Amino acid sequence: MTEIFKGETPEDIDNKCLDVCHRYLDGVWKELTVDQLSVSRISGGFTNLTFRCSLTGGAEPVADEPRDVFVRFYGPKLIPDTESYERLSDVMVNLLASEHDLGPKIYGIFSDGMIGQYIHSHAMSLEDQKNPPLIGELARKVAKYHALRVPMARERDRQRRIFEEFYGGAHKETPGLDQMLREVGAHNLVDHNLREENEWLHRCVDAIGSPIVFSHGDLFCGNILVANQIREGSDTNVTLIDLEYSCYWHRGFDLG
689 MTEIFKGETP
699 EDIDNKCLDV
709 CHRYLDGVWK
719 ELTVDQLSVS
729 RISGGFTNLT
739 FRCSLTGGAE
749 PVADEPRDVF
759 VRFYGPKLIP
769 DTESYERLSD
779 VMVNLLASEH
789 DLGPKIYGIF
799 SDGMIGQYIH
809 SHAMSLEDQK
819 NPPLIGELAR
829 KVAKYHALRV
839 PMARERDRQR
849 RIFEEFYGGA
859 HKETPGLDQM
869 LREVGAHNLV
879 DHNLREENEW
889 LHRCVDAIGS
899 PIVFSHGDLF
909 CGNILVANQI
919 REGSDTNVTL
929 IDLEYSCYWH
939 RGFDLG
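Position in the sequence shown counted from 1, then plus 688, gives you my numbering.
It is worth saying that the hints were derived from the structure and are not from the lab. Nothing here was measured: the structure is a model prediction, and the numbers come from that model. Check each hint, because a few of them may be wrong.
[Unchecked claim] Capping the alpha-carbon separation at 30 Å, the derived lysine-lysine pairs in DSBU-like fashion look like this:
| id | residue 1 | residue 2 |
| --- | --- | --- |
| 1 | Lys718 | Lys704 |
| 2 | Lys832 | Lys793 |
| 3 | Lys793 | Lys718 |
| 4 | Lys832 | Lys818 |
| 5 | Lys793 | Lys704 |
| 6 | Lys818 | Lys793 |
[Claimed, not checked] Here are the computed distance ranges between Cβ atoms for each label pair:
| id | residue 1 | residue 2 | range |
| --- | --- | --- | --- |
| 7 | Gly910 | Ala827 | 17 to 25 Å |
| 8 | Ile823 | Asn881 | 36 to 44 Å |
| 9 | Arg837 | His875 | 42 to 50 Å |
| 10 | Ala895 | His710 | 48 to 56 Å |
Don't be surprised by glycine CBs; every beta carbon is placed ideally from N, CA and C.
Can you build the whole structure from these sequences, using the hints too?
Next up, the structure:
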């Protein structure tokens, strides 16, 4: 299935999402027709396609099943040689985050993706960052995430390897890349030796000795969801998403 998702959204995506919903959801979703399903693409994500699937056309829950879910289809990994291992890691991490109330609830896993809880939310904004209760909840959840015990390899050179895959691979696959970068004004990427800077960074990391924890690996505002309806005193207002770069790494990688 994966190859059909390279590029634009497939014309038959409604039927593909409906099939996933039929297989993994109960109640009204089991008998849902394509006319009773609203499918919209969720923006964001560099390697996967994610869709919001909602009840429409008069369809109503019969019990406690959700009105909205997300369906994610995997795209090709940015580092192809690690695809099978990293897909397994994606599934494992998302399930653990779901069980510990750190990420969206996962309703089902299939060979090309997953289906889970759609959260009515927005990416953490500057105003959200001025809200002490929200920041307190985020701090607690990041701490819980760092305390997870995940059966993944502890690769001390993972970030160095990923840098080389991207940087070396880009120059190998794109002859004349430096000239292209100059033409678009990206002079810093050409005028500085990024390999040397990367090695300097790793020397600093080693010297600081930040503890090794299970890190999110891509912790910025776009990957932190804040509920549209804040519930005072609740610990369900902040959710971590896009966990595919999680790994054992220095704690400061997330805190920075």
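Practice prompt. Identify every previously stated hint that the structure contradicts and give their numbers, smallest first.
Written response: As far as the earlier hints go, not one is violated by this structure.
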